[in-house]
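Can you join these two chains into the complex? Each is in its own frame, and there are hints to help.
Chains A and B are the protein sequences, given in the same order. The opening residue of the first sequence carries number 1 in this note's numbering; numbering runs sequentially from there. The opening residue of the second sequence carries number 1 in this note's numbering; numbering runs sequentially from there.
Because the hints were derived from the structure by calculation, they are not lab data. Certain hints may be false.
Which bits of chain B does chain A cover? Going by a derived footprint, with three or more residues having C-beta under 8 Å, they are [to be verified]:
| hint | segment |
| --- | --- |
| 1 | 56 to 68 |
| 2 | 75 to 83 |
| 3 | 119 to 126 |
| 4 | 179 to 193 |
| 5 | 234 to 245 |
With a straight-line cut-off of 30 Å between C-alpha atoms, the simulated DSSO-like cross-links for lysine-lysine are [unchecked claim]:
| hint | chain 1 | residue 1 | chain 2 | residue 2 |
| --- | --- | --- | --- | --- |
| 6 | B | LYS151 | A | LYS42 |
| 7 | B | LYS127 | B | LYS103 |
| 8 | B | LYS127 | A | LYS42 |
| 9 | B | LYS284 | B | LYS214 |
| 10 | B | LYS284 | B | LYS151 |
| 11 | B | LYS151 | B | LYS214 |
Given the structure is predicted, the values throughout are model-derived calculations rather than measurements. Glycine included, every Cβ here is placed at the ideal spot set by N, Cα and C.
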Amino acid sequence: MLVVARHHFLVRLSHWLNVPIILGLILSGLSIYWASPIYQHKPNPSTGNFDVAADIGIWICTHVPGLQHYGSPPDWLYNHLSLGPGLLALALRLHWFCAYLLMLNGVLYGAGLVMGGGWRSLVPRRTDLLDALRMFRYYVWLPVAKLAHREWPHPTFDTKYNALQRSAYFSVPVAGSLSVATGWAIHKPMQLHWLAALFGGYDSARVWHFWLMSVYVLFVVPHVILVFADPWDTLRSMIVGWSRRVKRSGSIANGH
Amino acid sequence: MATEGKADSPQPQDRPSTAVKEGPAETRLAEKARGFFAEQPPPAIEIPPELLRYRTRRDVLLFGAGVLAALAGAGSLLPKETLGRLGLRRAMSSPGKEWLLNKALRIDDDVAEALYSVDRRVPTYSKSQITPLKNNYNGATPDPGYISNWKLTLEGLASGSNSAVDLRSLMNHFVVHEQITRLVCVEGWSAIAWWAGLRFDDLIRAYPPMPQAKWVRVESSVNLDASGRPDLYFVSLDLATARHPQTLLATQFNGQPLTVEHGAPLRLLVPVKLGLKNVKAITKLTYVVEEPTDYWVQRGYSHYDGI
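Excised from the complex, chain B in its bound form (with noise of 0.2 Å):
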């Protein structure tokens, strides 16, 4: 197999117009191909010496402003904390660097979307494959006191109306479905282990959101900063989400109902997701047609999570 002719023309397009004076064109001396895989021999070219000098320089300089460019970017991406480390003490923090980043981020949150399917089951484990999961509320864990009067309340229902229901009517009118599945969390580590619970597209269907919802917001009101004052945690969830088949409002880790460190009496378990949107110790759903706020993408992290 030969590839023949394809180096043996003359390439006279990129020549410049100015700055060098008409001499003879550059030459590519003819040349062998000795198969498709085979190393050509180097394409030499007879080029007038100002014409080479004329692009050298013309390639030199543009090496130097790419150099120049790339310092510059550099030092606009990089964080202030970095730069401050470096002795480059003055503030950085313009509009452009978090536009750009932010950017990155956003399409990378498209592409996570366009891979997700709702049909696409995630892997799930046998028992003996479970590992330990540590207690990795953001703050303090709460006082198990909260759970006695325990209350999920709903709202942005298509009734109109908000609902509250306690634990005890969920178990009664649910099925219960089980899963050993792998929790993911955005710091790189993950842990597989047994849930059960609920499908949150179960309570959907009992409990229809506002046709035009598209997003849920799932929020505890329990959860605490690391002093131990309340800090409302609340994430944004797509609906598409809620509706996949293992995504569970869990109320029970291991074979026994939650504990407080695991978010009792009823947590978020969606294995699409990054840990973070994971609610703990759920108060509130509230269906919502525009994407809600949620806690991360106020402390710079995506909003979409997808895994």
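So here's chain A without its partners, still in its complex pose (with noise of 0.2 Å):
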């Protein structure tokens, strides 16, 4: 039988341990978050809250049927995202834990990308910008075209990924190696404060380890359902390393 080797085994082996490593880490984060958030307010002269996220809680709690009665809505948010309030200790030492586990597994990616050539493979070209907005534009025109019963040709590419694929796998290594580096800055910031100066200083870190959080969430959620949509052998290769796609589907007709 013919296939074709698709991904190195150290990719396939990091890529499912970012799964509860990443988990782990936002659970965990947003309790440390909880602890002292970026963003606040004036303490309101009723309850005294004055951290948006609680607000946010408060809003869901009072806005979302079947919620009016729930015992706490500042708390909320972080009840359903982080491990908790008030766990700042435990929360502290699952996140060191799951930080050191993340460089260990980015060195592994790594090494994967290398041994299997996969590299190659996530590269930018100067036609990615163009490509990518085409396969965008064929994404949000999909359902469209379906419930229309028009005919939507899938855009066509001649590589391991489309443009839009290769932009977002390339962008999540480079945002993990952010978050490494402004974890460090925060961390450190008398001892590294070059890194925390880097970043703007260290509350300015601060704000971007964050906000690099969500490139993972926004990453995951299309991440997820593509795959689910997309044919069986996209995911069964990344758990078994091959796939029975041979050919490459033709080249995207612009004329580059």
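This is the structure in structure tokens:
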């Protein structure tokens, strides 16, 4: 049987290890955030609340049906997106544990990319911006075209990934490196003060570190939807490594 | 720049020795590299269907085992408060979990210690960059009555006897140094403040610790808990950090004598450590050989807190 080697073993291993590690980092990270939120306002005179995340929890509990009797609305967001409020010491230990695992995992991933040669499929190209927009337009109009029973052909490409995938798979390790760098900057702001200065100082590095988290969330949602929308071969290849898609699907018809 | 030939050779070394009948080995079809950065054509492999089935089954089973292991790991590592909220009320306070998380904390402390250099100064700021610093007493703020007959007790000295010094003799005998540095709290917030006081190093020179001492226990007996009861506050500090030129025993804050809120009459200012090591209203320094206990270690935080 003719198959192609799609993902190196170390790439597959680190890909799946990322799931519990990044989840652990986000859950513990938001518990750490609870101790000193970046987004604060003047304390509310009646409740004493100053945390925007608590405001969002209160808003959710007043507007979402079925949550009107929720025990502690200010904690709603922390109770559902973090380990929970008031667990700073535990959250810090878990965060360091996962952070060291993430750095080790990054090394595994890098080794897998080099050993399997997969890094070449991630290198950005000059045509990527336009081609990524083309892919984006395809996905946006796909449901409409389906409903209207119109033909809506998938843009063709002759590379392992289409331009949108390539930009996404390139951005995530970049964001990961920046998360690690900003993490060190706010963890050791005195010994590594030059690193904090690189991100605009200690307080600014905290803001960077917080918003970098959203890259993973924004990435993971379409990533998971699309892998299930794609043929079974795509998901299977990240587990077993091989793919039956021996031929790549032609080239994007745009004259490059 | 071409990389040729590497992927061309057959790779029989990871073939299973059992369960698969001997057939032709997998063959990698020849391919040509086009350039170092150019994407390679997919390395196509001709492989017997049984071998492929065997490997696929093996990898899927391994994946499943990994998922189960990850779930079990999460179940044992997550705090019981979190598991309780997920409806998993089984008590899972295993010693292994504590060991693993403490190990991670310890590794992190070792990294911090390796990064630490007594010669490396922390950044200093200008007066225009000063930010407000709140009264962050963990419990109630003590009544200022203690200040009038305050004395600093020194134990574990080379002289073998204890000493007690009052504020006036400290102020008269030591050079006052000023610095505008950032105080970073374990919670994440920070404040830039203008401090003045004597160098801890100068005190160590004037009252040398016993020669074997590697640590100093810094304590405040005037600290109170949230309901106003006495709550002894004590931290461990390694002598290398105490000797750092920017480690002060501060007597002034923003150009004024320290107020009760900020630890009058003498507080530790150690900018290379988290705020929780910056003990307010110090009443006693004890030089010791072994690392002393720390108020916050007993509450699950790091013992080192170097930043």
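Right, here's what the structure says about each hint:
Here the segment 56 to 68 of chain B counts 5 residues with a CB under 8 Å from a CB of chain A, which clears the bar of 3, and the coverage holds. Coverage of the segment 75 to 83 of chain B by chain A holds in this model, with 5 residues showing a Cβ closer than 8 Å to a Cβ of that chain against a need of three. With 3 residues having a Cβ less than 8 Å from any Cβ of chain A, the segment 119 to 126 of chain B passes the three-residue criterion, so the hint holds. Only when three residues or more bring their CB closer than 8 Å to a CB of chain A does the claim for the segment 179 to 193 of chain B stand; here the count is 8, and the claim holds.
Against chain A, the segment 234 to 245 of chain B contributes 0 residues with a C-beta closer than 8 Å to a partner C-beta. That does not satisfy the three-residue criterion, and the hint is violated. Among the hinted pairs, B:LYS151 with A:LYS42 is inconsistent with the structure: their alpha-carbon atoms are about 39 Å apart, more than 30 Å. Of the pairs offered as hints, the one joining B:LYS127 and B:LYS103 is violated, with about 41 Å between alpha carbons and a cut-off of 30 Å exceeded. Of the pairs offered as hints, the one joining B:LYS127 and A:LYS42 holds, with about 25 Å between alpha carbons and a cut-off of 30 Å not exceeded.
At roughly 17 Å between alpha-carbon atoms, B:LYS284 and B:LYS214 fall within 30 Å of each other, so this suggested pair holds. For a cut-off of 30 Å, the pair hint linking B:LYS284 to B:LYS151 stands: about 8 Å separates their Cα positions. About 24 Å separates the Cα atoms of B:LYS151 and B:LYS214, which keeps this hinted pair within 30 Å; it holds.
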